[in-house]
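Can you build the whole structure from these sequences, using the hints too?
From first to last, the protein sequence lines stand for chains F and Y. Going by my numbering, the first residue of the first sequence is number 548, and it counts up by one from there. Going by my numbering, the first residue of the second sequence is number 31, and it counts up by one from there.
Derived from the structure by calculation, the hints contain no laboratory data.
Straight-line distance between alpha carbons at most 30 Å, and here's what the computed DSS-like set of lysine-lysine pairs gives:
{"id": "1", "chain 1": "Y", "residue 1": "Lys-193", "chain 2": "Y", "residue 2": "Lys-181"}
{"id": "2", "chain 1": "Y", "residue 1": "Lys-151", "chain 2": "F", "residue 2": "Lys-561"}
{"id": "3", "chain 1": "F", "residue 1": "Lys-582", "chain 2": "Y", "residue 2": "Lys-113"}
{"id": "4", "chain 1": "F", "residue 1": "Lys-582", "chain 2": "Y", "residue 2": "Lys-151"}
Residues from chain Y that face chain F, not an exhaustive set, calculated with beta carbons under 7 Å:
{"id": "5", "residue": "Val-49"}
{"id": "6", "residue": "Val-75"}
{"id": "7", "residue": "Val-161"}
Ideal Cβ placement from N, Cα and C applies to all residues, glycine included.
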Amino acid sequence: MNEQEDRQIREALKQSFPPISTELGRDLWPAVLRKLDTRPVRVPWYDWALIGFSASVFLVSPQLVLVFAYHL
Amino acid sequence: MDLLQRFALGEIDAFETLVRQFQGEIYAWIVRIVRDRGIAEDLTVETLWRIYRAHQQFRPDGNFAAWARRIATNLALDHLRRKRPEQSLLVEPAGAPQPDRLLQQETREKIRQAFRRLPAKLQVAATLALVEEQPYDEIADALGTSVGAVKLRVFRAVRILRKQLNRLGVRPGVEGHD
Chain F
548 MNEQEDRQIR EALKQSFPPI STELGRDLWP AVLRKLDTRP VRVPWYDWAL IGFSASVFLV
608 SPQLVLVFAY HL
Chain Y
31 MDLLQRFALG EIDAFETLVR QFQGEIYAWI VRIVRDRGIA EDLTVETLWR IYRAHQQFRP
91 DGNFAAWARR IATNLALDHL RRKRPEQSLL VEPAGAPQPD RLLQQETREK IRQAFRRLPA
151 KLQVAATLAL VEEQPYDEIA DALGTSVGAV KLRVFRAVRI LRKQLNRLGV RPGVEGHD
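Put into structure tokens, the structure is as follows:
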């Protein structure tokens, strides 16, 4: 019974998903080239180091936040 | 130096030649899985971009098409995992008799919904094997697994689907055929 049901399900699946066209309608090279040209924004390691250093200084001496803000 | 060697070295001209040669094949593979032309185009571009980014990992004596298909399959799998089924499965009690055609459409829609709820890995294996009737060895290669594992996934997909459809009171064999 299960085997028969499985066969029916396989058949029903084929009928439920009509064939889809697999022809590519356009050349994708220009889109690939555009994607290759857009470089991801990368934060250099020294910026991360500076952020980490500043955060630890502010944690140790919170009053320096005001001095820092004044000079911005 | 041949094309694949030049590609492995990162030559953009060689990559362009490969894109023009393989984009149709990659797109066809992806659209069979995701069954949406727009999404398949986006995923093809993403696949080609990743292929170029990974050019150093490609062995020039390897099979470029198979390598590309594997990257494409992984992206399509990720897409299916992210995408939630648009509609929930409705459990409807057997109601008044309806015209055959409408009943057929409803049954098929329920089958599609139940299918989309399968785990992505099972869905991909079952789509490629049962709906698209692709060779099992090609599916296994694209999924980075064995033919036996693909057959097991297909078997599990059909079993889960059968249980879900039974619970919904859907009997695929009862609907009429076109």
